[in-house]
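Novice: What follows is each chain in one-letter form.
Number of protein chains: 2
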Amino acid sequence: MQVQDIQFASRFNGLSGSAIREIFKLLAKPGMISFAGGNPAFSALPDEEVAQVAQKVLRDDGKRILQYGATEGYPPFLEVMKPYLSEHFGVDMEQNGVLPTTGSTQGMNLLCSALIDPGDRIIVEDPTFLGNMQCMKLYQAELVPVSSDEDGMNMEDLEEKIRACRPKMIYTIPTFQNPTGRTMSLEKRKKVAALAERYGVVVAEDDPYHDLRYTGQELPTIKSFDEAGFVVFLGSFSKVISPGLRVGFMAAEPGLLRKCVIAKQSSDLHTALLNQAICAEYISQGLLAPHIEAICRSYSVQLETMLSGIGQINAFTWVTRPEGGLFIFAALKEGLDALALLPKAVDAGVAYVPGTHFYAGGGHENTLRLNFSMAEPETIRKGLALLQGVLDNT
Amino acid sequence: MQVQDIQFASRFNGLSGSAIREIFKLLAKPGMISFAGGNPAFSALPDEEVAQVAQKVLRDDGKRILQYGATEGYPPFLEVMKPYLSEHFGVDMEQNGVLPTTGSTQGMNLLCSALIDPGDRIIVEDPTFLGNMQCMKLYQAELVPVSSDEDGMNMEDLEEKIRACRPKMIYTIPTFQNPTGRTMSLEKRKKVAALAERYGVVVAEDDPYHDLRYTGQELPTIKSFDEAGFVVFLGSFSKVISPGLRVGFMAAEPGLLRKCVIAKQSSDLHTALLNQAICAEYISQGLLAPHIEAICRSYSVQLETMLSGIGQINAFTWVTRPEGGLFIFAALKEGLDALALLPKAVDAGVAYVPGTHFYAGGGHENTLRLNFSMAEPETIRKGLALLQGVLDNT
Chain A
527 MQVQDIQFAS RFNGLSGSAI REIFKLLAKP GMISFAGGNP AFSALPDEEV AQVAQKVLRD
587 DGKRILQYGA TEGYPPFLEV MKPYLSEHFG VDMEQNGVLP TTGSTQGMNL LCSALIDPGD
647 RIIVEDPTFL GNMQCMKLYQ AELVPVSSDE DGMNMEDLEE KIRACRPKMI YTIPTFQNPT
707 GRTMSLEKRK KVAALAERYG VVVAEDDPYH DLRYTGQELP TIKSFDEAGF VVFLGSFSKV
767 ISPGLRVGFM AAEPGLLRKC VIAKQSSDLH TALLNQAICA EYISQGLLAP HIEAICRSYS
827 VQLETMLSGI GQINAFTWVT RPEGGLFIFA ALKEGLDALA LLPKAVDAGV AYVPGTHFYA
887 GGGHENTLRL NFSMAEPETI RKGLALLQGV LDNT
Chain B
527 MQVQDIQFAS RFNGLSGSAI REIFKLLAKP GMISFAGGNP AFSALPDEEV AQVAQKVLRD
587 DGKRILQYGA TEGYPPFLEV MKPYLSEHFG VDMEQNGVLP TTGSTQGMNL LCSALIDPGD
647 RIIVEDPTFL GNMQCMKLYQ AELVPVSSDE DGMNMEDLEE KIRACRPKMI YTIPTFQNPT
707 GRTMSLEKRK KVAALAERYG VVVAEDDPYH DLRYTGQELP TIKSFDEAGF VVFLGSFSKV
767 ISPGLRVGFM AAEPGLLRKC VIAKQSSDLH TALLNQAICA EYISQGLLAP HIEAICRSYS
827 VQLETMLSGI GQINAFTWVT RPEGGLFIFA ALKEGLDALA LLPKAVDAGV AYVPGTHFYA
887 GGGHENTLRL NFSMAEPETI RKGLALLQGV LDNT
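Chains A and B, in that order, are what the protein sequence lines are.
Numbering-wise (the working numbering), the first sequence opens with residue 527 and increments by one.
Numbering-wise (the working numbering), the second sequence opens with residue 527 and increments by one.
Just so you know, these hints were derived from the structure itself, not from any lab.
Take the hints with a grain of salt, since some may be wrong.
Given that identical chains are not distinguished, each listed pair holds provided it fits within a single copy or across any two copies.
As a list, the in silico EDC-like pairs of lysine to aspartate or glutamate whose alpha-carbon atoms are at most 20 Å apart [stated by the list, open to error]:
no., residue 1, residue 2
1, Lys663, Asp643
2, Lys551, Glu605
3, Lys908, Asp918
4, Lys582, Glu902
5, Lys716, Glu685
6, Lys908, Glu668
7, Lys555, Glu682
8, Lys716, Glu668
9, Lys859, Glu613
10, Lys687, Glu668
11, Lys870, Glu753
12, Lys555, Asp863
13, Lys663, Asp618
14, Lys870, Glu605
15, Lys870, Asp733
16, Lys908, Asp531
17, Lys551, Asp531
18, Lys589, Glu574
It should be emphasised that the depicted structure is a prediction, and the values quoted were computed from it without experimental measurement.
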């Protein structure tokens with residue numbers, strides 16, 4: 527037999543790798559201005575502090591940190607997370623448990639493992655984060671897109687789809703959504719929690735951008751309105767400390783959390799203890815709040831620079847105006863195809879992600895996502911000028 | 527609706543958490559002598575060196591380490607791993623790629639994701655590592671046990687089962703097997719590689735104990751005999767540097783590895799870069815070989831102590847005599863039930879893992895697994911005396 531004859535599992539049928547991660551590989555070209563990623567700025571990565579914190583936790587508790595740990599979490603991490611989830615995210619920690627995850631990517635994976643059989647339906651915002659759509663597809667879920675308004679999912683469409691499709695899960699990024707940057711209104715947050723209870727659907731509230739707010743008023747999480755236990759909160763330190771450390775967390779009702787623990791036992795046994803310890807110590811030392819303040823100051827200027835620059839490009843017909851996060855989403859004149867134009871843009875030295883990748887059903891070829899966190903204001907202006915050269919001369 | 531009404535995915539039907547991990551929770555009792563775990567000794571965890579190495583890599587390459595990385599791996603880790611796999615494990619790196627995994631636990635999970643549809647068959651050694659059996663069960667595989675001889679799987683039984691069951695995968699721990707401590711002979715290693723090619727079955731060669739040899743001659747890996755690309759090598763730094771860091775690796779033919787990369791994208795995106803960097807730097811600095819030498823010296827004495835002590839206990843009818851690894855496996859007189867006796871042993875202050883958990887079909891209630899790496903020789907003697915009190919007075 528030849529190795530080419532190996533029959534792969536059916537979950538891979540029709541699936542390719544993440545389109546974004548393939549685009550990333552095109553960006554190796556020196557000098558490329560990338561609006562394509564979703565990365566924190568390098569200046570936002572606290573390498574000096576993490577070096578000190580890593581040193582400290584290894585000196586203080588090195589033997590325990592290097593040994594096997596419980597799937598349920600490194601005790602000092604759990605001690606920090608309980609008040610953090612309660613005070614910062616409004617999670618009722620008497621009714622919920624917390625589980626460290628290897629990035630919130632793993633949180634989504636464990637939740638799919640707990641709930642999804644092939645053919646089960648998951649409601650997603652349209653557009654939404656494509657990485658997690660790929661995860662759902664690997665679990666052979668059927669994705670049911672719900673249209674998005676300026677203030678989050680359309681509630682009539684949501685309720686209608688819940689009734690019609692009997693989904694197992696609703697996946698939402700309510701705050702500074704990926705890819706749109708939009709934020710779900712307070713009323714809709716309450717409504718989503720109520721619909722979850724009414725119809726018995728689990729809500730996955732993915733909230734990695736929560737703290738990256740540059741203007742406007744912080745809103746309570748959907749989870750804070752969850753009395754019945756149907757809302758699962760997925761958080762991450764990737765955008766506020768470091769994505770390379772791969773530390774996220776999940777807060778959920780104990781019965782559901784237990785299934786995630788079992789799934790995690792055979793996913794990676796436990797999240798690396800050193801990484802849990804670093805995040806816990808970083809928070810305990812009071813480093814997180816001032817760090818977030820500092821990165822928000824920079825990102826805020828970058829967002830403003832991008833929004834004002836984009837106004838100069840005639841090819842755009844609309845653009846979202848987020849109050850935080852890492853992304854804006856924009857549409858080109860009908861007939862312009864952001865996917866087809868990408869190679870031209872990359873040749874010119876600037877990259878973005880075509881919006882079509884974020885729609886469960888494809889289409890919307892005239893849309894694109896622009897990230898503003900990776901480039902300094904001067905570079906943003908330069909990149910937009912290059913983009914204008916491509917778009918306005920097409 | 528009530529949260530208790532949530533219908534979990536069918537992969538959880540009939541599955542409970544890892545029996546071993548539940549037993550671990552019983553061991554919190556102060557003074558308990560545990561032969562139950564599979565942990566490295568605390569003295570084998572190089573906390574001082576890791577603190578220095580962590581400091582160094584964060585100072586040298588902190589920004590890259592804290593940023594998002596490629597699923598395919600942190601470049602300095604890959605640079606170290608290629609010669610390491612080739613020279614140390616005999617992997618042909620012209621024909622194979624390497625992927626860092628979040629412990630070798632994740633390697634098994636990715637491989638199941640790539641290959642296993644519900645109902646697909648996986649051949650396992652009988653007995654075998656129960657953590658990976660749980661992983662296979664979550665993928666709804668049907669486990670086909672093959673009987674084990676002193677020198678590894680019975681080859682006649684293996685070929686017969688391959689013909690009869692058309693498995694997608696053969697799972698083996700050829701070196702210092704968990705739970706038996708047995709090592710597959712050279713002839714059988716060649717034979718397994720040949721059968722894999724002949725019948726087109728993927729072999730998962732799980733080799734975490736490879737370097738923990740205290741006596742006898744090192745044997746080449748099954749992977750080193752793999753010309754057709756059907757053997758996947760799963761390795762880990764858990765037993766030789768630190769399990770808490772969660773760094774393992776997988777070497778496989780590129781087509782199969784690509785499926786694992788896609789599955790990993792939505793499992794945890796990538797293995798934490800700090801942890802990859804620590805392992806790479808630890809090896810680059812030449813710390814690994816002398817560290818392995820030092821831990822083998824201690825473990826060797828511990829194994830000898832356990833083997834000579836166990837000879838004093840009349841209740842045992844046979845015991846394996848491994849040349850390395852972390853475990854011995856033993857059988858009690860027929861009629862004695864190691865599972866039923868465990869609470870008595872725990873009350874007396876000593877713990878083990880009942881052997882029945884390691885058999886795909888259960889049974890073998892008179893067997894048990896004893897770990898010798900966690901206890902000093904004096905403690906091993908004390909623990910065996912306690913065990914004798916329980917077993918020989920039953």
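Novice: Now tell me, hint by hint, if it's right for this structure.
Specialist: Evaluation of the provided hints:
1. Lys663 x Asp643: This pair counts as both: shortest intra-copy Cα distance 11 Å, inter-copy 14 Å.
2. Lys551 x Glu605: Cα proximity of Lys551 and Glu605: across copies only (19 Å, versus 39 Å in one copy).
3. Lys908 x Asp918: Within one copy, since 15 Å is at most 20 Å while 81 Å is not.
4. Lys582 x Glu902: neither (33 Å within a copy, 28 Å between copies)
5. Lys716 x Glu685: within (14 Å within a copy, 60 Å between copies)
6. Lys908 x Glu668: Cα proximity of Lys908 and Glu668: none, with 41 Å in one copy and 58 Å across.
7. Lys555 x Glu682: neither (46 Å within a copy, 55 Å between copies)
8. Lys716 x Glu668: Close neither inside one copy (26 Å) nor across copies (44 Å); limit 20 Å.
9. Lys859 x Glu613: Classified as neither; 45 Å inside a copy, 58 Å across copies.
10. Lys687 x Glu668: Within. Shortest intra-copy distance 13 Å satisfies the 20 Å Cα cut-off; inter-copy 36 Å does not.
11. Lys870 x Glu753: neither (51 Å within a copy, 43 Å between copies)
12. Lys555 x Asp863: neither (23 Å within a copy, 65 Å between copies)
13. Lys663 x Asp618: Close neither inside one copy (31 Å) nor across copies (34 Å); limit 20 Å.
14. Lys870 x Glu605: For Lys870 and Glu605, the Cα distance exceeds 20 Å both inside one copy (51 Å) and across copies (34 Å).
15. Lys870 x Asp733: neither (34 Å within a copy, 48 Å between copies)
16. Lys908 x Asp531: Intra 49 Å, inter 55 Å, cutoff 20 Å: neither.
17. Lys551 x Asp531: neither (28 Å within a copy, 45 Å between copies)
18. Lys589 x Glu574: So Lys589 and Glu574 pass the 20 Å test across copies only (9 Å; inside, 23 Å).
The structure fails hints 4, 6, 7, 8, 9, 11, 12, 13, 14, 15, 16 and 17 (numbered hints given earlier, in ascending order).
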